[in-house]
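Numbered per UniProt numbering, the sequence shown spans residues 1 to 657.
No lab work stands behind these hints, which were simulated from the structure alone. Be aware that one or more of the hints could be misleading.
Restricting the straight-line Cα-Cα distance to at most 25 Å, the calculated cross-link-like pairs of lysine-lysine (DSS-like) are [unchecked claim]:
(1) Lys262 - Lys250
(2) Lys481 - Lys560
(3) Lys323 - Lys457
(4) Lys516 - Lys323
(5) Lys481 - Lys600
(6) Lys457 - Lys262
(7) Lys457 - Lys481
(8) Lys516 - Lys481
(9) Lys323 - Lys600
(10) Lys323 - Lys250
(11) Lys599 - Lys516
(12) Lys262 - Lys323
(13) Lys457 - Lys560
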Amino acid sequence: MGLTRKQIVMLAVLVFGTFVTVLNQTVVAPALPSVMTEMSVDASMAQWLTTGFTLVNAIMIPITAFLTDRFTTKRLFLVSMVIFTLGSFLAGWGPSFVVLLLGRLVQAAGAGILMPLVMTVLMWTFPVDKRGTAMGLFGIVIAFGPAIGPTVAGVIIDRYTWHDMFYIITALSAVVVLIGAFVLQKGGETKKDVTLDVPSVILSSLGFGGLLYGLSTIGSYGLRADAIAGTLVGAVALVFFFRRQLKMEKPMLQVRVLQNRKFLIATIIGMLVQGALLAAGILVPIYLQSLMGYSATVSGLVLLPGAIIMGAMGPIAGRLFDKHGPRVLALVGMGVLTLTTFCFAFLSTETGIITLTLLYTVRLFSLSLVNMPITTWGMNALDNELVNHGTSVNNTFRQVAGSLGTAIIVSASTIATNMSSRTMTPTQASIFGIDVAFALAGALCLVGFVMVVALVKNKPGEAAEKDRDNSRRTVLESIMKRDVYTLPANATVAEAMQVLVDRHISAAPLVDEQGKAVGFVSDGDIMRYLSKRSQMLMDPVVMIMQTVDADGGNQDFARKLDELMGMPAKSIGAKGIIGVDVHADLPEVCRVLGENHLKKVPVLDEGQVVGVINRSDITHYSMQQYLAERDAEAASKLERSEEAAALPDDEAMASSI
Numbered sequence: 001m002g003l004t005r006k007q008i009v010m011l012a013v014l015v016f017g018t019f020v021t022v023l024n025q026t027v028v029a030p031a032l033p034s035v036m037t038e039m040s041v042d043a044s045m046a047q048w049l050t051t052g053f054t055l056v057n058a059i060m061i062p063i064t065a066f067l068t069d070r071f072t073t074k075r076l077f078l079v080s081m082v083i084f085t086l087g088s089f090l091a092g093w094g095p096s097f098v099v100l101l102l103g104r105l106v107q108a109a110g111a112g113i114l115m116p117l118v119m120t121v122l123m124w125t126f127p128v129d130k131r132g133t134a135m136g137l138f139g140i141v142i143a144f145g146p147a148i149g150p151t152v153a154g155v156i157i158d159r160y161t162w163h164d165m166f167y168i169i170t171a172l173s174a175v176v177v178l179i180g181a182f183v184l185q186k187g188g189e190t191k192k193d194v195t196l197d198v199p200s201v202i203l204s205s206l207g208f209g210g211l212l213y214g215l216s217t218i219g220s221y222g223l224r225a226d227a228i229a230g231t232l233v234g235a236v237a238l239v240f241f242f243r244r245q246l247k248m249e250k251p252m253l254q255v256r257v258l259q260n261r262k263f264l265i266a267t268i269i270g271m272l273v274q275g276a277l278l279a280a281g282i283l284v285p286i287y288l289q290s291l292m293g294y295s296a297t298v299s300g301l302v303l304l305p306g307a308i309i310m311g312a313m314g315p316i317a318g319r320l321f322d323k324h325g326p327r328v329l330a331l332v333g334m335g336v337l338t339l340t341t342f343c344f345a346f347l348s349t350e351t352g353i354i355t356l357t358l359l360y361t362v363r364l365f366s367l368s369l370v371n372m373p374i375t376t377w378g379m380n381a382l383d384n385e386l387v388n389h390g391t392s393v394n395n396t397f398r399q400v401a402g403s404l405g406t407a408i409i410v411s412a413s414t415i416a417t418n419m420s421s422r423t424m425t426p427t428q429a430s431i432f433g434i435d436v437a438f439a440l441a442g443a444l445c446l447v448g449f450v451m452v453v454a455l456v457k458n459k460p461g462e463a464a465e466k467d468r469d470n471s472r473r474t475v476l477e478s479i480m481k482r483d484v485y486t487l488p489a490n491a492t493v494a495e496a497m498q499v500l501v502d503r504h505i506s507a508a509p510l511v512d513e514q515g516k517a518v519g520f521v522s523d524g525d526i527m528r529y530l531s532k533r534s535q536m537l538m539d540p541v542v543m544i545m546q547t548v549d550a551d552g553g554n555q556d557f558a559r560k561l562d563e564l565m566g567m568p569a570k571s572i573g574a575k576g577i578i579g580v581d582v583h584a585d586l587p588e589v590c591r592v593l594g595e596n597h598l599k600k601v602p603v604l605d606e607g608q609v610v611g612v613i614n615r616s617d618i619t620h621y622s623m624q625q626y627l628a629e630r631d632a633e634a635a636s637k638l639e640r641s642e643e644a645a646a647l648p649d650d651e652a653m654a655s656s657i
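Use the sequences and the hints to build the structure in full.
This is the structure:
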């Protein structure tokens with residue numbers, strides 16, 4: 001993908017650090033039944049180990065947008081990993097539920113920085129047309145944690161204790177800190193003038209925390225005064241939080257990105273999926289271990305195949321997104337996700353372990369078709385300067401949805417269990433509660449499916465239809481040449497040469513019947529074939545001399561020339577095409593031109609050639625921009641000096657200060 005060695009090393013360390021934090025999230029689910037037994041807490045209380053972690057994650061994510069501007073990648077990564085390591089040690093020690101929960105919250109403070117940090121670095125590092133694949137590769141690495149986490153945790157819990165599980169996480173994260181300290185480059189420019197809005201942090205903490213506390217407490221103890229107060233305080237705080245963000249010039253959470261329709265749709269769908277996903281991760285282990293009597297190891301093995309398939313599908317879904325867009329993937333994914341979630345609403349004491357494993361596996365397979373493609377689709381709709389804020393908003397809302405969704409769904413399970421306990425046995429009542437919870441999760445997935453059907457589109461020409469006045473045209477679209485000369489994929493060399501000569505061009509792309517670029521042929525390809533030393537690039541002067549020699553009796557060259565004219569142009573041209581996406585920024589275009597030693601490069605939109613960009617076009621545009629900015633700055637300085645000259649001496653001095 002054109003990355004340097006330093007970039008590859010940096011991304012490897014960042015991704016592995018994120019992998020450890022994701023691994024930490026999934027090892028908790030198999031431990032919940034053991035924690036509930038050892039510390040005498042119910043499911044609604046125990047789920048705070050997951051929802052509390054998720055909540056602090058959500059609060060930290062918008063702060064990450066400020067932190068990525070203020071600190072270098074290396075410093076931010078190392079500090080967050082150190083915080084995560086300390087939290088892991090505290091959770092491992094955990095002599096009481098309060099200390100264990102505190103350790104999880106400290107873990108979350110560090111982990112909440114890592115995911116948006118790495119996603120932002122990926123979006124900055126890779127060009128637009130490679131982001132789907134890059135996010136897919138990131139997805140497979142991150143999904144490997146959930147794949148092995150429950151199984152490894154189950155084995156450790158059965159043979160040792162959940163305390164040892166957290167100590168292992170502590171050791172892994174400490175290793176990441178040591179490696180990162182030596183191999184990471186500073187990376188990224190810092191902005192000293194950025195500030196953190198403390199009132200926004202307080203309002204978001206009160207808002208999200210209050211809602212989570214209120215909803216969870218209602219599930220465990222009913223409509224108590226503190227539960228109602230927490231919910232109301234949370235709701236009011238969130239209203240003030242969002243009003244403040246909209247009024248601020250530089251908000252902590254740039255919620256204005258939600259004005260972008262595609263990004264808003266992608267965020268809402270992601271929230272619905274996240275809420276249903278995390279709740280299932282809590283309910284299934286409780287069902288298997290507490291109600292069906294299986295060990296933690298078996299519980300982890302049930303979750304293993306689905307997590308592996310979800311991880312393996314990451315890069316595949318990314319490539320499919322790059323090629324076909326989000327609609328088909330999201331339709332299939334949300335449809336299957338909805339069906340399988342409703343199937344979980346029919347669990348009973350007779351449900352077989354194989355049936356449960358198959359259902360869970362298919363469910364996670366469907367998730368892989370939704371998560372990364374929908375997220376990438378929404379992020380691609382934003383300008384590059386908003387990517388870090390878009391990442392923060394997307395992750396914040398997904399984490400909040402996961403936290404609140406889990407609290408609501410698990411609380412619904414607890415309420416249903418309590419209501420049915422008078423007419424059912426304890427086991428039957430608990431299973432009924434889990435069935436009700438999955439029915440609620442299925443309803444959330446159904447809403448997401450309807451949204452995909454109605455709102456997620458990727459029809460050809462849709463963007464152009466909605467932007468007839470070119471108000472959203474990219475810089476590349478504005479300066480590229482649109483009079484592109486192409487050749488059909490089955491063109492002969494003679495036909496190609498005729499176009500090159502008639503149009504006074506040196507190369508042309510080969511396109512199929514759908515207009516997709518499939519190859520490239522240039523005068524250099526023709527010269528290489530005609531050269532006596534075909535592996536060497538022949539000088540044009542030499543070719544002219546050989547042509548003259550052919551007229552004078554060079555029969556071998558004449559025969560070779562005649563043979564060449566009837567050959568398919570694709571047989572001597574480049575297989576595939578070097579191009580840039582129509583949404584690429586100028587640094588990316590310069591990289592492609594420079595790395596491939598090209599004077600010009602085709603511009604592609606979903607594989608179709610829509611223009612061509614030359615080095616001279618970029619140079620001309622850059623000079624125009626520079627001169628315009630210089631003139632504007634000079635005019636501004638002149639205006640300020642004239643205003644200062646018109647003031648009295650004391651006012652002029654104050655103005656200059």
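Status of the hints after comparison with the structure:
no. : hint            : in the structure
1   : Lys262 - Lys250 : holds, 23 Å
2   : Lys481 - Lys560 : violated, 35 Å
3   : Lys323 - Lys457 : holds, 14 Å
4   : Lys516 - Lys323 : holds, 11 Å
5   : Lys481 - Lys600 : holds, 11 Å
6   : Lys457 - Lys262 : holds, 9 Å
7   : Lys457 - Lys481 : violated, 28 Å
8   : Lys516 - Lys481 : holds, 18 Å
9   : Lys323 - Lys600 : holds, 24 Å
10  : Lys323 - Lys250 : violated, 36 Å
11  : Lys599 - Lys516 : holds, 22 Å
12  : Lys262 - Lys323 : holds, 18 Å
13  : Lys457 - Lys560 : violated, 51 Å
Figure legend: structure checked against the earlier numbered hints; hints not met, in rising order: 2, 7, 10, 13.
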